[in-house]
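Which chain is which? The protein sequence lines are L and C, in order. Residue numbering for the first sequence follows this note's numbering, beginning at 57 and increasing consecutively. Residue numbering for the second sequence follows this note's numbering, beginning at 161 and increasing consecutively.
Hint data in this document are derived by calculation from the structure and do not stem from the laboratory. These figures come from a predicted structure and were not determined experimentally. Incorrect hints may appear among the rest.
Said to hold, decoys possible - Quick list of in silico lysine to aspartate or glutamate cross-link-like pairs, EDC-like style, CA-CA up to 20 Å: (1) Lys58(L) <-> Glu235(L); (2) Lys58(L) <-> Glu123(L); (3) Lys362(L) <-> Glu130(L); (4) Lys279(L) <-> Glu316(C); (5) Lys278(L) <-> Asp395(C); (6) Lys279(L) <-> Asp395(C); (7) Lys280(L) <-> Asp395(C); (8) Lys339(C) <-> Glu214(C); (9) Lys280(L) <-> Glu312(C); (10) Lys58(L) <-> Glu102(L); (11) Lys278(L) <-> Glu394(C); (12) Lys331(L) <-> Asp166(L); (13) Lys151(L) <-> Glu108(L); (14) Lys151(L) <-> Glu123(L); (15) Lys126(L) <-> Asp94(L); (16) Lys278(L) <-> Glu312(C); (17) Lys279(L) <-> Glu312(C); (18) Lys362(L) <-> Glu161(L).
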Amino acid sequence: MKILFATDGSEYASNAMDFMLRFPFPHVSTITVLTVVDDIPMQQVELDALNEEQSEALKNANEQLHEEAKELVELESRRLRADNWAGETMVRYGKPVNEILRAAEDIDADLIVMGSHGTSMVKRFLLGSVSDRVFEYAPCSVLIVKKRDEDEPLTAIEPGTNAAYRIMLAFDNSDISHEALRMCSSLPLEANSTIKVVSVMPLITAYRQDIRQHVNSIWLQKKKIMQAKLDNAVASLQWAVSDVTTELREGENVSDEVLRAAEENESDLTMIGCKDKGIIRRLLLGSITHRITRYARCSVWAVRDKNAID
Amino acid sequence: MNNSVLSWIGDETLLQGLLAGQTTIILLVIIVVCIAMLSLGADWMIDGVVDLAERTGLPKIVIGATVVSLGTTLPEAFVSVMAAYMGNPGLALGNGVGSIIADTGLIFGLTCILAAVPVNRFILNRTGWVQVGTATMLVLISVGILLTTEGEPQLERWVGYLFLCLLILYMYITYTWAKQGTDVLPEDDPLEHELMSISKSWILVFGGLLLVVIGARILVPSASEIALRFGVPEDVIAATMVAFGTSLPELMTAIAAIRKGHPEITVGNIVGADVLNVLFVIGAAAVASPLVIPMNFFYFHFPAMLIILYSFRVFISMNKDGVFHRWQGFWLLGVYLCYVILQYTLNIESAH
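Please model the entire structure based on the sequences and the hints provided.
Structure representation (structure tokens):
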């Protein structure tokens, strides 16, 4: 698996690195550490107005940024090598979102790993757009690593020690959710990890139609079929981890219900297949995966089918 | 947290969360307030319609069949389209058919019993045919699909598009009929009072509609919550207040129309709502997602709907003296009650 790790040197990126080092990725994975340097933004008019001394100072400042970027990727890759990971480093210049996406295409990445801060609205407005947009336009799967708690101190974690994970997988029997399932079953998880596979069936709560739905035989039949599909799906996971459970939930809003399930399960990671819907559908319903990636308190691995996108 | 248009409109989590946290007494207060809202809204709407009718010269029955019907079928349309879109198309068809049966059998039946409803033959001979015509077309298409497809019959998207096109045509034709009608028809009533400004009457109609729709939206979950607390089984709630919830606006409009002495608005409302339930509610839902037709529709719900609608049609032709008779109301109500009772005794899945 080719992993592209994008860092901006923040504590969130560092947290993502910690997560990545601990996480049991498939053994043949390689990691490329990428950072993107964006020059100090200046308009051409402003540049023209600078005197020699000022432009020299600007050049120096930009150069210093480049130097710092190089140091940053070097530092991170040393951490990787110390942990026996194969990988390389990459510094790109330009707009972060574009460069991350381009780098992912260039190295034919299977997964982009990024850090993200919590769910606070203000912070998202200021900083969050990069991971959001990378997630939205990525040509491959994306893993957004979150700090579970904003106040949680960043403690040094022993690299190389695989911890037990509580993974939740959102499943809707689509091809891509089967792909997410395959991805999950291919992870060399510790035996005491747990996997919970959750399906959500949408209820209409307006005018309490949900009460009608509960007693409707077609609905009950659909629920039975879905439960059977769930049971069938988890059979492939059982050899990897012994503690595999399923849950069929009902809710008005599928993404909210998945988020709630992840909270109740105290998941470390939520895996979900990412369907790239048409623009109108997305505008009307919002992408479920997008909402989950954005609002989940745990890390989210949105699985995309690279070949399908091509 | 909601970032999409539909989920924002449809998000009732907040409302239900609020209601679930209230004590029974507060819920009862909310219910009373909702009924007051419904009743006030319906009153406003009727006042507005009567005034508009006098001002524009359009018959009240026409305004009832258009503006009022569009407003009062909004809950059905909203619920059905959401249901179809979110993958529960089973609810959508039942909503449309069930509403037609409840509107015509129960609400119009009751109106006929309680008030002398004038038959505006000029209008009813036209829209009345559209009313039975659309329902008959729905049944014929369904039977056609049943006979020609193997496996589960379902109303495909093309049926939805067809219905929506017919809806536009229906609106246009109603408009031209109404325009012709104003030249031919005498005023419903002589001018008895000072007229409001035209904008004020529109505000009354739309404000009234808004109150009615919102009132029903809050009343249904509040009443259901109380019923659940008292241990009423879910299937009973589903077949009663939830099934009837989306028809509440029609009921309240009918009550206000009777009280204010304009039962012809109810005729227009019911006829218009029946047409819209097929063309608008089922049409839009089928466009959102193909609708599976359960077998019990063919042997139970469709026949019940047709019996009620054709009775109504026959009554229009029969009533040479220009009013619906009380026994006709009892007949419609009787058929409706038989339908409900049979549904229970035969244990047939509720359509509505």
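Margin query: Are any of the numbered hints broken by this structure? If so, which, sorted upward?
Written below: Hints 2, 3, 4, 10, 13 are the ones this structure does not satisfy, whereas the remaining hints hold.
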